[in-house]
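Each chain is listed here by its residues.
2 protein chains.
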Amino acid sequence: MKSILVDFDLLTGLSDERESVQRRLSDMDGMYADKDAYDAMIVRDDTLVYEFFDMGLPETEGGIAFGTSMTYPGKVGSEFFMTKGHFHSILDTAEVYYCLRGKGIMLMEDSEGNWEARELEPGLAVYVPEGYAHRSINTSPDDTLVTFYAFRADAGHDYGTIETKGFRKIVVEKDGIAQVIDNPKWKE
Amino acid sequence: MKSILVDFDLLTGLSDERESVQRRLSDMDGMYADKDAYDAMIVRDDTLVYEFFDMGLPETEGGIAFGTSMTYPGKVGSEFFMTKGHFHSILDTAEVYYCLRGKGIMLMEDSEGNWEARELEPGLAVYVPEGYAHRSINTSPDDTLVTFYAFRADAGHDYGTIETKGFRKIVVEKDGIAQVIDNPKWKE
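Keeping their order, the protein sequence lines are chains A and B.
Position one of the first sequence corresponds to residue 0 (numbering that gives the first Met the number 0), numbered consecutively onward.
Position one of the second sequence corresponds to residue 0 (numbering that gives the first Met the number 0), numbered consecutively onward.
Careful: at least some of the hints might be erroneous.
Identical chains share a label here; the pair holds if one copy fits it or two copies do between them.
Unchecked claim - Distance condition first, Cα-Cα at most 16 Å in a straight line; then the derived EDC-like pairs of lysine to aspartate or glutamate: (1) Lys1 with Glu115; (2) Lys74 with Asp35; (3) Lys164 with Glu50; (4) Lys1 with Asp109; (5) Lys74 with Asp33; (6) Lys74 with Asp28; (7) Lys1 with Asp91.
It should be emphasised that the hints constitute simulated quantities derived from the structure, not laboratory data.
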């Protein structure tokens, strides 16, 4: 194959040349802890929660999938806007995120219950190790969280486990700051 | 393994937390076309040409090696400062570079003689496909070329072919602009 050149604006993360994948509140039914707050929000507006670019590269084990991810500011109840999060289908594949803008948390957990929360700020690179589901969470009141990501092109996404069970932890605003707390809906 | 958090300054690409790998003119003996210009420069100062961060991750096929690369402005004769360039030891592994600062060219060639030159400017991501040797070249008169890179952690580096043969093309300043021309020293 040939090389690829893509422009992702360093300030916004957006690209004029490609179409992003967009996830709205309605795509995340049941994923936020406060169902009443979710239901009240969605009747007003099916807000864009996050979007990302997927280059659609061939899923080879030597390729590197890459692009930018934008998570917008907002909360459902006290819980910050976030991506769905996913395991990789090939579980023992890692991913790296380089934060270009904003403020947030990369929440990670493996299938044995180990979890980590790492801060995201411009200039911070977070390495998500093999075997960890991961989710970007925007903890800024008003700014977009923008990251550049890279992982093995054949790794694949396994959203299923997370969509049904969620993560063990959630990130909420409490006493004016972002806090990682137990997910009240999570069941073994 | 655990997650990793590393700060690479978005403006300079540098990290206070890690030690970079530095390449000076003396590390690149024989790699620039104009030997007289090289010899004249190196007696004055063994200039830093480029540096990069290597996280030293385990070389697993599921891991992603990542870091920043800084190529400094300068020329040897009319030839712009550049990295050594390399094939991956596992040839069919790709690499992605996201340009954070500066201006340059990603020069690529495969073992069959196909080559490509892609511009690097802030916000441009260049995908180096499987099988291509690649080299970053700084074509700015005064600014550092900074990129964030990612590739498969076990891909390895094969510098040998490039160090002995060079690339088929070189990038020189001619009539005040950067031009890709045949490497006069390259032999089949």
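Each hint, compared with the structure:
Taking the shortest Cα distances, Lys1 and Glu115 sit within 16 Å of each other only across copies (8 Å), while inside one copy they are farther apart (38 Å). Taking the shortest Cα distances, Lys74 and Asp35 sit within 16 Å of each other inside one copy (13 Å), while across copies they are farther apart (64 Å). In this assembly of identical chains, Lys164 and Glu50 lie within 16 Å of each other by CA distance neither inside one copy nor across copies; the values are 22 Å within and 44 Å between. Taking the closest pair of Cα atoms, Lys1 and Asp109 come within 16 Å of each other only across two copies (11 Å); inside a single copy the shortest separation is 36 Å, beyond that limit.
When the C-alpha separation of Lys74 and Asp33 is checked against a cutoff of 16 Å, the pair qualifies only within one copy, where the shortest distance is 10 Å, while the shortest distance between copies is 60 Å. With identical chains, the CA atoms of Lys74 and Asp28 are at most 16 Å apart within one copy only, with a shortest distance of 14 Å there and 57 Å across copies. Taking the shortest alpha-carbon separations for Lys1 and Asp91, only the inter-copy value of 13 Å comes in at or below 16 Å, while the best intra-copy value is 28 Å.
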